[in-house]
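Number of protein chains: 2
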Amino acid sequence: MEKHPETLNGIFQALADPTRRAVIARLGKGPASISDLAKPFDMALPSFMKHIHFLEDSGLIRTHKEGRVRTCALEKKSFASVESWLSAQRALWEARTDRLEQFVTAASSKE
Amino acid sequence: MEKHPETLNGIFQALADPTRRAVIARLGKGPASISDLAKPFDMALPSFMKHIHFLEDSGLIRTHKEGRVRTCALEKKSFASVESWLSAQRALWEARTDRLEQFVTAASSKE
Chain A
0 MEKHPETLNG IFQALADPTR RAVIARLGKG PASISDLAKP FDMALPSFMK HIHFLEDSGL
60 IRTHKEGRVR TCALEKKSFA SVESWLSAQR ALWEARTDRL EQFVTAASSK E
Chain B
0 MEKHPETLNG IFQALADPTR RAVIARLGKG PASISDLAKP FDMALPSFMK HIHFLEDSGL
60 IRTHKEGRVR TCALEKKSFA SVESWLSAQR ALWEARTDRL EQFVTAASSK E
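Heads up: the protein sequence lines correspond to chains A and B, in order.
So the first sequence is residues 0 to 110, counted in numbering that gives the first Met the number 0.
So the second sequence is residues 0 to 110, counted in numbering that gives the first Met the number 0.
Same shape as in the complex, but just chain A:
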């Protein structure tokens, strides 16, 4: 069973869009203001803000406002839940491969 299915739903949904993934890649280099983040995209600001809100709601980024400037930063610990889900899947496959190997070894030692 997953511990926080809703969190994973939100994170994967947030990652399913190229603009949002590009914002995340940019923030990997350090925090940035909304206007700096928006620059590379040929997109109206309200549309871009929807992506920012989506990312913030998913927990992948946090934002804070100082004066008139809102700055965004990556919330790295949110990525840990994706990485841990992926490694849990990999652990399942690898356990299965180990069992197949044991079966083949046992079968050939009987021959």
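Since the hints were made in silico from the structure, they are not lab data.
Any given hint could turn out to be false.
Here are a few chain B residues that sit away from chain A, every Cβ distance over 12 Å (derived from the structure) [to be verified]:
| no. | residue |
| --- | --- |
| 1 | 33 |
| 2 | 42 |
| 3 | 63 |
| 4 | 69 |
| 5 | 93 |
| 6 | 103 |
| 7 | 108 |
| 8 | 109 |
One-sided and incomplete, this derived list gives chain A residues near chain B with beta-carbon spacing under 10 Å [unchecked claim]:
| no. | residue |
| --- | --- |
| 9 | 8 |
| 10 | 9 |
| 11 | 27 |
| 12 | 28 |
| 13 | 40 |
| 14 | 44 |
| 15 | 73 |
| 16 | 82 |
| 17 | 85 |
Even glycine gets a Cβ: it sits at the ideal position worked out from N, Cα and C.
Let chain A serve as the given structure and place chain B on it in line with the hints.
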């Protein structure tokens, strides 16, 4: 730049649903028929089939039919593109941490 943004869109979208993630976790233990996969879910078969089609379209699973039975199996190489995207993000943060460290070391050696 991402090599295959559409592929990543589809994969992340497919992973954004708890039923689809549960199917993936089940297939991690080995291939299974649609009817076996559907059993744990309180869901009409057409709704369940939509999830299977979604997973198949994303490339995360493959299916094949023998007689009347359709069997599903994990397409493990699709997970590699998610893992590689995630590790590219982590590489960005870590490069940044390294630069910060160098800066702090250089600053303190000047004192």
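Taking the hints in turn, this is what the structure says about them:
| no. | hint | verdict |
| --- | --- | --- |
| 1 | 33 | 20 Å, holds |
| 2 | 42 | 16 Å, holds |
| 3 | 63 | 19 Å, holds |
| 4 | 69 | 21 Å, holds |
| 5 | 93 | 9 Å, violated |
| 6 | 103 | 15 Å, holds |
| 7 | 108 | 23 Å, holds |
| 8 | 109 | 23 Å, holds |
| 9 | 8 | 5 Å, holds |
| 10 | 9 | 8 Å, holds |
| 11 | 27 | 3 Å, holds |
| 12 | 28 | 6 Å, holds |
| 13 | 40 | 14 Å, violated |
| 14 | 44 | 22 Å, violated |
| 15 | 73 | 7 Å, holds |
| 16 | 82 | 6 Å, holds |
| 17 | 85 | 6 Å, holds |
In the structure shown, a violation is registered for the earlier hints numbered 5, 13 and 14, in ascending order.
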